[in-house]
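Chemist: Residue numbers (numbering that gives the first Met the number 0), protein chains in the order written: chain A, 0 to 238; chain B, 0 to 291.
Since the hints were made in silico from the structure, they are not lab data. Check before you lean on any hint, since a few could be wrong.
[As the list claims (entries may be wrong)] Each pair of labels, with its calculated beta carbon distance range:
(1) A/Arg61 with B/Leu268: 56 to 62 Å
(2) A/Glu128 with B/Val272: 47 to 53 Å
(3) B/Leu268 with A/Ala59: 56 to 62 Å
(4) A/Gly167 with B/Leu282: 32 to 38 Å
(5) A/Gly88 with B/Thr80: 33 to 39 Å
(6) A/Val217 with B/Val157: 33 to 39 Å
(7) A/Pro125 with B/Ser280: 53 to 59 Å
(8) A/Gly17 with B/Ser210: 35 to 41 Å
(9) A/Gly167 with B/Val4: 34 to 40 Å
(10) A/Glu128 with B/Trp60: 55 to 61 Å
(11) B/Thr80 with A/Glu87: 56 to 62 Å
(12) A/Glu186 with B/Val238: 42 to 48 Å
(13) A/Ala30 with B/Ile102: 55 to 61 Å
As the structure is a prediction and not an experimental result, all values here were calculated from the model. Even for Gly, the Cβ is constructed at its ideal location relative to N, Cα and C.
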Amino acid sequence: MSAGTALAVEGIEAGYGGAVVLHGVTVAVPAGTITAVLGANGAGKTTLLRTVSGMVRPRAGRIVAGGADVTGRRPEQISRAGVAHVPEGQGVIAELTVEENLRLGGLNRRHAERAAGLADAYARFPVLERRRGLPAGTLSGGERQVLVIARALMSRPRVLLLDEPSLGLAPRVVAQVMGLVRSLREESGLSVLLVEQNARSALSIADTGIVLNLGRVVAAAPAADLAADVSLRRHYLGF
Amino acid sequence: MQEFVEFTLGGIASGMVYAAIALSLVLIWRGTRILNFAQGGLAMLTTYLASIVISRTGSYWEGFAAGLAAGLVLGAVAERTVIRPVESKGPMNAVIVTIGLLIFIEGLAGIIFGGQYRSFPPAFSIVGLRIGSFSLGISRNDVFTAGAVLAAAVILAVVFRYTPVGLRLRAAAFGPQVARLLGVRVGRVLTLGWALAGLFGALAGVLVTPSTFLYPNSMDAIFVLGFTAAVIGGLDSPVGAVVGGLILGVVLEYVGGYLGSDIVPLFGLAALVLVLMVRPSGLFSAATTRQV
Numbered sequence: 000m001s002a003g004t005a006l007a008v009e010g011i012e013a014g015y016g017g018a019v020v021l022h023g024v025t026v027a028v029p030a031g032t033i034t035a036v037l038g039a040n041g042a043g044k045t046t047l048l049r050t051v052s053g054m055v056r057p058r059a060g061r062i063v064a065g066g067a068d069v070t071g072r073r074p075e076q077i078s079r080a081g082v083a084h085v086p087e088g089q090g091v092i093a094e095l096t097v098e099e100n101l102r103l104g105g106l107n108r109r110h111a112e113r114a115a116g117l118a119d120a121y122a123r124f125p126v127l128e129r130r131r132g133l134p135a136g137t138l139s140g141g142e143r144q145v146l147v148i149a150r151a152l153m154s155r156p157r158v159l160l161l162d163e164p165s166l167g168l169a170p171r172v173v174a175q176v177m178g179l180v181r182s183l184r185e186e187s188g189l190s191v192l193l194v195e196q197n198a199r200s201a202l203s204i205a206d207t208g209i210v211l212n213l214g215r216v217v218a219a220a221p222a223a224d225l226a227a228d229v230s231l232r233r234h235y236l237g238f
Numbered sequence: 000m001q002e003f004v005e006f007t008l009g010g011i012a013s014g015m016v017y018a019a020i021a022l023s024l025v026l027i028w029r030g031t032r033i034l035n036f037a038q039g040g041l042a043m044l045t046t047y048l049a050s051i052v053i054s055r056t057g058s059y060w061e062g063f064a065a066g067l068a069a070g071l072v073l074g075a076v077a078e079r080t081v082i083r084p085v086e087s088k089g090p091m092n093a094v095i096v097t098i099g100l101l102i103f104i105e106g107l108a109g110i111i112f113g114g115q116y117r118s119f120p121p122a123f124s125i126v127g128l129r130i131g132s133f134s135l136g137i138s139r140n141d142v143f144t145a146g147a148v149l150a151a152a153v154i155l156a157v158v159f160r161y162t163p164v165g166l167r168l169r170a171a172a173f174g175p176q177v178a179r180l181l182g183v184r185v186g187r188v189l190t191l192g193w194a195l196a197g198l199f200g201a202l203a204g205v206l207v208t209p210s211t212f213l214y215p216n217s218m219d220a221i222f223v224l225g226f227t228a229a230v231i232g233g234l235d236s237p238v239g240a241v242v243g244g245l246i247l248g249v250v251l252e253y254v255g256g257y258l259g260s261d262i263v264p265l266f267g268l269a270a271l272v273l274v275l276m277v278r279p280s281g282l283f284s285a286a287t288t289r290q291v
């Protein structure tokens, strides 16, 4: 693993109960880049993220985040190692207010940094400041997606794991969310592992990408090359 | 008029004890969906400890503090030793374990302390207060009882709403998976929830025992009423637990006062059945709107 790698996943095997979902998946996220993970339903994309963040324990392989071996650690430990996982769908805690959701993301930072982190979040996402006292359950789908990303950023992660941020969102909102991810990478040098069904919009912001099929990596290349590969597009990416 | 005031104030005082038990049940239910049937047993045990400390030191307040501290510790120990191993195996398993724990604790208390009734001192005078010739139906000790539970509940509410540890407690209750991804050590937070529950149970124990005597089953009836209060409040709402306790306390006092004290225990059970039949989610529960 080179010094410029934010996240290295090497030969991961993982699954649920008796079912093996990932068969030796290897992917590296160079620091300050976006790596897209593409593939059909059931390819193992979400399981890959869940394994990186510790929700699923790998049976074989190694995971190195920010220079530290986190293989087999628990989610709360991996989170503290600088990996923020934004899960698919129900990521907000609906009963807590918008501000409480944000604060929750920053609890492991030092006290003095928490207030600054919150101010940063509100400066970047004014919509959240307007809704700060409301239960997060009252937000629209797009606002929730903004909230879970903002909340993940509160911990100042080195690596952001984003699972299907476009799920259930209108095309215009999808474009906004993708633009946000891209600007985060450019402004703060964040490294992102982005899982998406929507291959076209993911590749539009990613630097590199891998394609998973039935738990194996079938392609790994710069995003532009993947987007230009007609055969890959037809067989795996659906656009 | 005089009777009505007496019954109402007396009902508030005893209702606050039910509220303390209800809060202890709610604290655990919110975080784990486990109903802790051993809560009364644990409170009985901590009250015995308080009783021993009081007789050794001669100081009520040292016994009071020892009882509460023991509640904190016992709650945490119960979670770590007997609940944690079954926590992942479905709530019903854990509930059965708490029933087993209750039987064990009460049996153990019987072996150690014997079955005879012991008296337990009140913190303050139990002579009825009066304004002029108007009797209020409550004593200085009743005022302390209600005030102590109210103060503890307010502190709990402030901690829940305004502190990082309270945020962690609520996050672990509402979204344990998400909380873990955000670095919350949910296991520790659950242990803390059980410890706080133990504290409230212990508080109820030392407050109610002056009027019930102390024996291995002394908290059973109070537990049923506290459980009823928690169900009235919706089981997952701390505010509901307090309001449920107050409603139950006042209603039972009216029933006892106007209809006769013999039917109070019966009425308490009838109220539980009625609430479960008519409004099983309680008055304050968020359960109907919760997305799982």
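Chemist: If a hint holds in the structure, say so; if it does not, say that too.
Modeler: Status of each hint after checking the structure:
1. A/Arg61 with B/Leu268: 56 to 62 Å: holds (59 Å)
2. A/Glu128 with B/Val272: 47 to 53 Å: For A/Glu128 and B/Val272 the Cβ distance comes to about 48 Å; the hint holds.
3. B/Leu268 with A/Ala59: 56 to 62 Å: holds (57 Å)
4. A/Gly167 with B/Leu282: 32 to 38 Å: holds (34 Å)
5. A/Gly88 with B/Thr80: 33 to 39 Å: holds (36 Å)
6. A/Val217 with B/Val157: 33 to 39 Å: 55 Å Cβ-Cβ, so the 33 to 39 Å window is violated.
7. A/Pro125 with B/Ser280: 53 to 59 Å: 37 Å Cβ-Cβ, so the 53 to 59 Å window is violated.
8. A/Gly17 with B/Ser210: 35 to 41 Å: violated (58 Å)
9. A/Gly167 with B/Val4: 34 to 40 Å: violated (58 Å)
10. A/Glu128 with B/Trp60: 55 to 61 Å: violated (48 Å)
11. B/Thr80 with A/Glu87: 56 to 62 Å: violated (36 Å)
12. A/Glu186 with B/Val238: 42 to 48 Å: With a Cβ separation near 43 Å, A/Glu186 and B/Val238 satisfy 42 to 48 Å, so the hint holds.
13. A/Ala30 with B/Ile102: 55 to 61 Å: For A/Ala30 and B/Ile102 the Cβ distance comes to about 59 Å; the hint holds.
Hint compliance for this structure: hints 6, 7, 8, 9, 10, 11 are not met, and every other hint is.
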